[in-house]
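Visitor: The lines below spell out each chain.
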Amino acid sequence: MTAGQAKSIRAGTGPADQLRERWLAPCGLAVLLVFVAVFPLLFPNPTATNFGVVTLIFVAVAAAWNIFSGFSGYLSLGHAVFYGTGAYFLVVAARDWNLTGAAVFWLVPLGGVAAAIIAVPLGLVALRVRRHTFVVITIAFFFIAQLSASNLGITGGSSGLLVPVPTSWNPATYNNPFYYLAMLLAAATVALSWLVRRSRFGLQLRAIRDDEDRAAGLGVRAMPVKLTALVVSGFITGMAGALWVYFIGEAFPQFVFDPLFDLAVVLMAFFGGLGTVAGPVLGALVLEPTQLYLNLQQANGYESEILFGVLFLAVILFLPRGVLPTAAEYVTAARARLRRGGWPGRTGASQAQAPPPAADNPAGTPAAGSAP
Amino acid sequence: MATEIEQAIAAGILGGGIYALMAAGLTLIFGVLDIINVAQGIFVVLGAYLSYVLSVHLHLDLLVGLLITVPAMFVIGVVIYWLFIRPLRGAERTSMTLLACFAVALIIEGVLYKEFGSNYVSLSAWYTTSSVHLLGFYLPDIYLIGFGLAVAAMAALYLILYRTTFGRAVRATMQNQVAARLIGIDVNRVSAVTFGIGTAVTAIGGMVYGAISGGFTPNSGYDLISRLLAIVILAGMGSIGGALVTAVLMTTAEALVDIWQPDWSVAVFYLALVIILTVRPQGLFGRRAARAQ
Numbered sequence: 001m002t003a004g005q006a007k008s009i010r011a012g013t014g015p016a017d018q019l020r021e022r023w024l025a026p027c028g029l030a031v032l033l034v035f036v037a038v039f040p041l042l043f044p045n046p047t048a049t050n051f052g053v054v055t056l057i058f059v060a061v062a063a064a065w066n067i068f069s070g071f072s073g074y075l076s077l078g079h080a081v082f083y084g085t086g087a088y089f090l091v092v093a094a095r096d097w098n099l100t101g102a103a104v105f106w107l108v109p110l111g112g113v114a115a116a117i118i119a120v121p122l123g124l125v126a127l128r129v130r131r132h133t134f135v136v137i138t139i140a141f142f143f144i145a146q147l148s149a150s151n152l153g154i155t156g157g158s159s160g161l162l163v164p165v166p167t168s169w170n171p172a173t174y175n176n177p178f179y180y181l182a183m184l185l186a187a188a189t190v191a192l193s194w195l196v197r198r199s200r201f202g203l204q205l206r207a208i209r210d211d212e213d214r215a216a217g218l219g220v221r222a223m224p225v226k227l228t229a230l231v232v233s234g235f236i237t238g239m240a241g242a243l244w245v246y247f248i249g250e251a252f253p254q255f256v257f258d259p260l261f262d263l264a265v266v267l268m269a270f271f272g273g274l275g276t277v278a279g280p281v282l283g284a285l286v287l288e289p290t291q292l293y294l295n296l297q298q299a300n301g302y303e304s305e306i307l308f309g310v311l312f313l314a315v316i317l318f319l320p321r322g323v324l325p326t327a328a329e330y331v332t333a334a335r336a337r338l339r340r341g342g343w344p345g346r347t348g349a350s351q352a353q354a355p356p357p358a359a360d361n362p363a364g365t366p367a368a369g370s371a372p
Numbered sequence: 001m002a003t004e005i006e007q008a009i010a011a012g013i014l015g016g017g018i019y020a021l022m023a024a025g026l027t028l029i030f031g032v033l034d035i036i037n038v039a040q041g042i043f044v045v046l047g048a049y050l051s052y053v054l055s056v057h058l059h060l061d062l063l064v065g066l067l068i069t070v071p072a073m074f075v076i077g078v079v080i081y082w083l084f085i086r087p088l089r090g091a092e093r094t095s096m097t098l099l100a101c102f103a104v105a106l107i108i109e110g111v112l113y114k115e116f117g118s119n120y121v122s123l124s125a126w127y128t129t130s131s132v133h134l135l136g137f138y139l140p141d142i143y144l145i146g147f148g149l150a151v152a153a154m155a156a157l158y159l160i161l162y163r164t165t166f167g168r169a170v171r172a173t174m175q176n177q178v179a180a181r182l183i184g185i186d187v188n189r190v191s192a193v194t195f196g197i198g199t200a201v202t203a204i205g206g207m208v209y210g211a212i213s214g215g216f217t218p219n220s221g222y223d224l225i226s227r228l229l230a231i232v233i234l235a236g237m238g239s240i241g242g243a244l245v246t247a248v249l250m251t252t253a254e255a256l257v258d259i260w261q262p263d264w265s266v267a268v269f270y271l272a273l274v275i276i277l278t279v280r281p282q283g284l285f286g287r288r289a290a291r292a293q
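One line per chain: the protein sequences are L and E, in this order.
Heads up: the first sequence is residues 1 to 372, going by the working numbering.
Heads up: the second sequence is residues 1 to 293, going by the working numbering.
It should be emphasised that the hints constitute simulated quantities derived from the structure, not laboratory data.
Hints may be right or wrong, so weigh each one.
Some chain E residues flagged as far from chain L (calculated, every beta-carbon gap over 10 Å) [claimed, not checked]: (1) K114; (2) H133; (3) G136; (4) G148; (5) A152; (6) V274.
Here chain E is said to cover these stretches of chain L; the calculated rule only asks that three of the stretch's residues, wherever they fall, bring their Cβ under 8 Å from a Cβ of chain E [as the list claims (entries may be wrong)]: (7) 137-146; (8) 177-187; (9) 261-270; (10) 312-319.
Just so you know, even glycine gets a beta-carbon here, dropped at the ideal spot from N, CA and C.
So that you can see chain L by itself, here it is in the shape it has in the complex (with noise of 0.2 Å):
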């Protein structure tokens, strides 16, 4: 490519553009977290806040499992684990400490902290294996948490256990202080993700994704590394688990360790975007209230079972890069056609192609082509 050609590309990108990637992203994420933050006061019907205070904790589980799971490509479907355990601490401790009202929401954090105790053992066990068998171990510690939950005195068994709710709550705002503090929670969550990403952590963790054995080679002390992002993954996943508990105000083991929560999370992510930032937060927008409404609908579970694994396989087999990273792929190519338009060529429709770069895209939307 002649020195002229390369210059004209550099054209394409003029100020407009630059103005709309470096601006777009941001205005968007303000608008959203506005939106979010008025909400409640927008759709006072405890229908609607209830909706809203689920939907944000799984905002927060699904960039939870992201950051481990989408970054490092160990799919994880054991999460179950972490929020069954916040979640049945926070309901043990309420109870043996008598705490009740605001004071609960305080174990909200020690919950995250008992998930992330287990977490250790767990990642220690679990990440000495890669693949379908990690997958599978994964699976095996669900099954064994579900199993302990229905079978140990200290969960109340099978017949399970009731969190006191706060009565003296004012029915109608009764679900703003979930609201808010779930959206504290998910906010969080997914700046942490963003941080993540950018930093040389969550690129060791991709480095491990791409090819392990070559990031060990290359330096990165692979399991530390692991074990860590399963362990802050872990302490999300426990406080969501335990201010959801709260929020529902029971726990029965099937529920708690339920074997949907842990594909709900993943088809959030897979749904927007494994591996990005904004991907599995637009996941758990999109598909929580929609399985919450269809629950809603319809008093029978199997209806709504099987139009998940429907959604489920069309995501996996019409968008298997999830719906943010093959929308950014649209959009390059369509550009790439614009650009193209008084100048045909192949090595200039081989350089629209090209992604743009990372640090251009502060809400961290994939680039097109730096998704695997």
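Keeping the supplied structure of chain L fixed, place chain E upon it in accordance with the hints.
Guide: The following block gives chain E in isolation, referenced to the frame of chain L:
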């Protein structure tokens, strides 16, 4: 008379036969296609419900019904492979195929709930309640029949794999897919038929499971798949012979623990999995992959 422990060992070995058959299907699919078919559990339940429909509505004997359910499950397996597994390619194929199988399992589970509800049903015939006394052991007929069926099916599987041209193609694909393609093996066809065979064995497994489990629901798939996965991982992925031995070992261990701790006996599978993999990550009979990624 046999003691309680001897009795448990006998039941464990006989019950292990049928798990060995189901696990053999799972590990065969893994070996050839490099995917974990997490839908194997619900396939077993689907096979059990097919047997149930045939025996309740058409009054077919369970063993005669197998003549219909085995080909039916084979076709279901081939169709599922062709529609949902075959199109998946690329770097994320491992996780994609696993999730696709999970999605298929969810759909089947939902359809079964829709058709049959969540009540426990079980399969019955004259041989599901009777038993024989043999060498002082008290052995239910259905356990003996199930063990016999499993042995027969595995013998057939062995003959297909080691005595036919198709079996040679399957083994070649297991060893090296690219090389198999290069010498003219239609890997897609081999994969489809293998997935069909791996699914067809669940018809037999489902029939026996439905008769010995004392009742099943669409939800039973989770319990089954977790045991089956534990068996194939413990054995070492892709090792068919290892899966047979491990299945019998694990069901026997479970039957023994069941004497003292009925609530915790299932945990034997998972605990063994965790303990053995910390010592030997490639499983009991697995070979360490040259460069597992």
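Visitor: Which hint numbers does the structure go against, in order from smallest to largest?
Guide: Hints 1, 6 and 8 contradicted; others consistent.
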